[in-house]
Amino acid sequence: MNKRLWRRGLSAFWWLTLFFLYLPLAVVVLFSFNSANSSASLAGFSLRWYQRLLGNEQILSAFANSMVLAVVSSLVALGIGCLIGYGMYRHRHRKLGWLIVLIYLPIVLPDIVFGISEMAFFVQIHEATGWLRPGLGTMIIAHVTFQIPFVALIVYSRFVGLDPTLFEAAKDLYATPFKRVQHFMLPTIKPALISAFFLSFTLSIDDFVISFFTAGPESATLPIYIWGAIKKGVSPEINAIASLMIGAVALAALLSLIFNRRRPA
Amino acid sequence: MSNRMSAELAEHSDTSPTDQEVATRKASSIELHSLHKRFGADAVALDGVDLSIHAGEFFTLLGPSGCGKTTLLRILAGLEAPDQGTLMVGDKELTEVPPHRRSVNTVFQSYALFPHLSVRDNLAFGLKMRGLPAAERDARVDEIAAFIKLGDLVERRVDQLSGGQRQRIALARALVCEPDVLLLDEPLSALDAGLRSQLQVELQRLQKRLGMTFVFVTHDQDEAMVMSDRIAVLDSGNIQQVGAPSEVYERPANAFVARFMGHDNLFPILARDGLRVQSDLGWLELHKHAGQGDAGDCLLVRPETLEIGDVVPEGYNRLAGVVQERLYRGSRIEYVLEVNGQSLMVVASNLGQQVHQAGDAVTISVCPEDLVTVAA
Numbered sequence: 001m002n003k004r005l006w007r008r009g010l011s012a013f014w015w016l017t018l019f020f021l022y023l024p025l026a027v028v029v030l031f032s033f034n035s036a037n038s039s040a041s042l043a044g045f046s047l048r049w050y051q052r053l054l055g056n057e058q059i060l061s062a063f064a065n066s067m068v069l070a071v072v073s074s075l076v077a078l079g080i081g082c083l084i085g086y087g088m089y090r091h092r093h094r095k096l097g098w099l100i101v102l103i104y105l106p107i108v109l110p111d112i113v114f115g116i117s118e119m120a121f122f123v124q125i126h127e128a129t130g131w132l133r134p135g136l137g138t139m140i141i142a143h144v145t146f147q148i149p150f151v152a153l154i155v156y157s158r159f160v161g162l163d164p165t166l167f168e169a170a171k172d173l174y175a176t177p178f179k180r181v182q183h184f185m186l187p188t189i190k191p192a193l194i195s196a197f198f199l200s201f202t203l204s205i206d207d208f209v210i211s212f213f214t215a216g217p218e219s220a221t222l223p224i225y226i227w228g229a230i231k232k233g234v235s236p237e238i239n240a241i242a243s244l245m246i247g248a249v250a251l252a253a254l255l256s257l258i259f260n261r262r263r264p265a
Numbered sequence: 001m002s003n004r005m006s007a008e009l010a011e012h013s014d015t016s017p018t019d020q021e022v023a024t025r026k027a028s029s030i031e032l033h034s035l036h037k038r039f040g041a042d043a044v045a046l047d048g049v050d051l052s053i054h055a056g057e058f059f060t061l062l063g064p065s066g067c068g069k070t071t072l073l074r075i076l077a078g079l080e081a082p083d084q085g086t087l088m089v090g091d092k093e094l095t096e097v098p099p100h101r102r103s104v105n106t107v108f109q110s111y112a113l114f115p116h117l118s119v120r121d122n123l124a125f126g127l128k129m130r131g132l133p134a135a136e137r138d139a140r141v142d143e144i145a146a147f148i149k150l151g152d153l154v155e156r157r158v159d160q161l162s163g164g165q166r167q168r169i170a171l172a173r174a175l176v177c178e179p180d181v182l183l184l185d186e187p188l189s190a191l192d193a194g195l196r197s198q199l200q201v202e203l204q205r206l207q208k209r210l211g212m213t214f215v216f217v218t219h220d221q222d223e224a225m226v227m228s229d230r231i232a233v234l235d236s237g238n239i240q241q242v243g244a245p246s247e248v249y250e251r252p253a254n255a256f257v258a259r260f261m262g263h264d265n266l267f268p269i270l271a272r273d274g275l276r277v278q279s280d281l282g283w284l285e286l287h288k289h290a291g292q293g294d295a296g297d298c299l300l301v302r303p304e305t306l307e308i309g310d311v312v313p314e315g316y317n318r319l320a321g322v323v324q325e326r327l328y329r330g331s332r333i334e335y336v337l338e339v340n341g342q343s344l345m346v347v348a349s350n351l352g353q354q355v356h357q358a359g360d361a362v363t364i365s366v367c368p369e370d371l372v373t374v375a376a
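Sequences listed follow chains A and B, in order. Start counting the first sequence at 1; every next residue gets the next number (our numbering). Start counting the second sequence at 1; every next residue gets the next number (our numbering).
Wrong hints could be hidden among the right ones.
Said to hold, decoys possible - Here are the simulated DSS-like cross-link-like pairs (lysine-lysine), alpha carbons at most 27 Å apart as the crow flies: (1) B:Lys26 x B:Lys208; (2) B:Lys208 x B:Lys288; (3) B:Lys149 x B:Lys288; (4) B:Lys92 x B:Lys149; (5) A:Lys190 x A:Lys179; (6) B:Lys92 x B:Lys128; (7) B:Lys208 x A:Lys190; (8) A:Lys179 x B:Lys128; (9) B:Lys208 x A:Lys179.
Hints listed in this document are in silico derivations from the structure and should not be mistaken for laboratory results.
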C-alpha cells in the first residue's frame with residue numbers, strides 16, 4: 001500500500017516536471033494560432049500571424065541569416081571536427097589528458113564569456129588589419145568554434161565503438177590510405193556525421209548570446225530579431241516565429257538522435 | 001579470371017585433385033631471416049627468428065600467449081614492421097612493403113567483417129580495392145560462395161550471421177583474393193567445441209584442395225596437430241622446434257615443447273650409464289635412438305606407451321606402482337599411478353580389459369624404444 005503511494009508520488013513528480021518544462025512552449029504555440037491581437041485571451045483559430053511573417057522583410061532576412069549561418073558553420077565544423085575526432089581516436093593510447101580537456105572546455109564555458117572574448121578578438125583583428133568586420137563571417141567563425149567539440153566527440157566515440165581490427169582488415173584487403181577513407185572510414189561513420197551535422201545545426205539556430213556579441217548591423221539572426229522585437233512587447237508574430245523555431249529545432253534534434261542511434265551492428 | 005578456383009569447382013564436383021595438379025598450382029614459400037621485434041624497452045616479442053615455410057604447406061605457429069606467434073603473423077601480413085631481419089615471400093622481398101601491396105590475406109580472430117557492408121560487399125571488398133570491374137567481382141564472389149558452400153548467406157546482412165557463419169565469410173573474403181599466402185589468426189578460438197573440430201577438418205581439406213600456403217596461429221596443440229603439415233613451437237620470442245606434428249609430439253626438442261604438447265610424464269635424469277638412465281622412477285633401459293640426454297636433462301614417458309599387466313614382454317622395462325586415481329573417458333581410461341613416490345600417468349585404450357581400482361598394486365611395462373630423452 002505504502003509502496004503504491006510512493007510510486008504514484010514519483011509518477012506525479014515526473015508529470016509535474018514535464019508540465020513545467022513544456023507548458024510555456026505549448027502556450028506560445030497555442031497563442032501563435034490565436035486570431036485575437038492579444039497575449040492574454042484566446043479568440044479563434046487563425047494563421048494570420050504566420051502570413052504576417054511572410055510579409056515582414058526584417059524577419060525574412062533574419063531567417064535567411066539564421067539558415068546560412070547554421071548550414072555553413074555546421075558544414076565547416078563537420079569537416080574540422082571530423083579530422084579532430086579521428087586524430088583523437090588514432091592517438092588515444094598516448095597521454096592526451098590536457099589536450100582532451102581543451103577540446104571539452106568550450107562545451108562548459110559560459111556562452112557570455114565565449115561571446116565577449118570572441119567579440120574582443122574580432123574587434124582587435126579588425127582594427128589592426130581591416131579584416132573580420134563584424135557580420136555573418138565573424139558569426140560563422142564563432143559558431144564553428146563552439147560546434148567543433150561536439151562534432152569531434154561524436155566522431156571519436158563512433159570510432160572507439162568500432163572493432164580496431166577493421167582498420168587492419170581494410171589494409172589487408174588492398175585498400176590504399178585514400179581508399180580506406182573513401183570505402184571504409186567515411187561510410188562507417190556516416191550516421192555519426194549526419195547526427196553531428198544536425199546537432200551543430202540545432203546549436204547554431206538556438207544560439208543567441210554568442211551570435212549577439214559577434215553580429216554586425218546587417219547580420220541579425222532570428223533570436224537577435226526576437227530579442228529586439230520583444231522590447232516593444234510580445235506580439236503574436238513573435239509567437240509564430242518561436243513556434244516555427246521550436247518545430248525546426250525539434251526536427252533537427254530528432255534527426256540527430258535517429259542517426260546517432262542508427263549504427264550497423 | 002580465376003582458373004585456380006574454376007578448376008577447383010570442377011574437381012570438387014567429381015574427384016579430388018591429384019598430387020600433380022596440386023603441385024602445378026601457384027603457391028609461395030616464405031623465408032624469414034633473423035627477425036627481431038620488441039615493443040617498448042623490455043618487451044621482446046621476437047628474438048631472432050629464422051624460419052622457412054614451404055610452398056603449399058599448412059604451417060602452424062604454436063605457443064602460449066605472449067610467445068610472439070601473433071607478432072610473427074602480423075609481420076607476415078605487414079601490419080607490424082620488424083626491427084631487424086628480412087621477410088621473403090616467393091622470390092619477392094616484402095620486409096618494407098605495406099600490407100595493401102602484399103598478396104597476403106588474413107583471417108582475423110574477430111573476423112573483422114565490415115558492419116556497413118552486406119556479406120556480398122564484404123566478400124568483394126578486396127577485389128574492388130584492386131580495381132576489378134563489377135561484373136568480374138560478382139562472378140568471383142559467386143564462385144567462392146559456391147566453393148565454400150555459403151549458400152544464401154551471401155545475400156544476408158553481417159549482423160544476421162552466427163559466429164560460425166562469420167568465420168566462413170571471413171575465410172571466403174580472404175580466399176577470394178587468391179593470395180600467395182593465407183594467414184589465419186586463431187580463427188576458430190571463438191567457436192564452440194563441436195563446430196570447432198568440424199571446421200578444423202574442413203579447413204585442412206580446403207587447404208589441400210587449394211594447394212595454397214596457409215600460416216595458422218593457435219595456442220591449442222590438439223588443433224595444431226590435427227591440421228598442420230608442420231608446426232613451429234614458439235616461446236618467449238624464440239622458435240623452440242619446427243617439425244611434423246608426430247615429430248614435435250613424439251620427440252620434443254626440449255622440456256618446454258614436451259609440456260606444451262601435453263606431456264605430464266617428464267622426469268629429470270639423475271644419471272646415465274650407456275643405454276640406462278636413472279630417474280625418480282628408477283633405472284630404465286633405453287633404445288639407442290632415444291637421444292643423448294644425460295644428467296640434468298629429462299626423460300619423457302608417453303602415457304599411451306605404458307602397459308598395465310602382470311606379463312612383461314622380453315626386454316621391456318618393468319615398474320611397480322599403485323593406482324591413485326582412475327578417469328573413465330569412454331574410449332580410453334586414464335590412470336594416475338604412484339611409482340617410487342612419483343605420479344605417473346598411464347592412458348589405456350578401453351578394449352574391455354580389466355579395469356583397475358584406486359589402491360590396486362599393478363605392474364607396468366614399457367618398451368625401451370618408446371622412451372626418449374629431452375633437453376631440459
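Now the hints, each set against the structure:
With a C-alpha separation of about 13 Å, the suggested pair B:Lys26 and B:Lys208 falls inside the 27 Å cut-off, and the hint holds. A distance of roughly 37 Å separates the Cα atoms of B:Lys208 and B:Lys288; the hinted pair therefore is violated under the 27 Å criterion. With a CA separation close to 51 Å, the supplied pair B:Lys149 and B:Lys288 exceeds the 27 Å bound. For the hint linking B:Lys92 to B:Lys149, the alpha-carbon distance of about 33 Å lies beyond 27 Å, and the restraint is violated.
Of the supplied pair hints, the one linking A:Lys190 and A:Lys179 holds, its CA atoms being roughly 15 Å apart against a limit of 27 Å. For the given pair, B:Lys92 sits about 24 Å from B:Lys128 by alpha-carbon distance, which is consistent with the 27 Å threshold. Our distance criterion of 27 Å between C-alpha atoms is broken by B:Lys208 and A:Lys190, whose separation comes to about 42 Å. Annotation: proposed proximity of A:Lys179 to B:Lys128 holds, straight-line Cα distance about 10 Å (limit 27 Å).
Simply put, B:Lys208 and A:Lys179 have alpha-carbon atoms about 34 Å apart, too far for the 27 Å limit, and the pair is violated.
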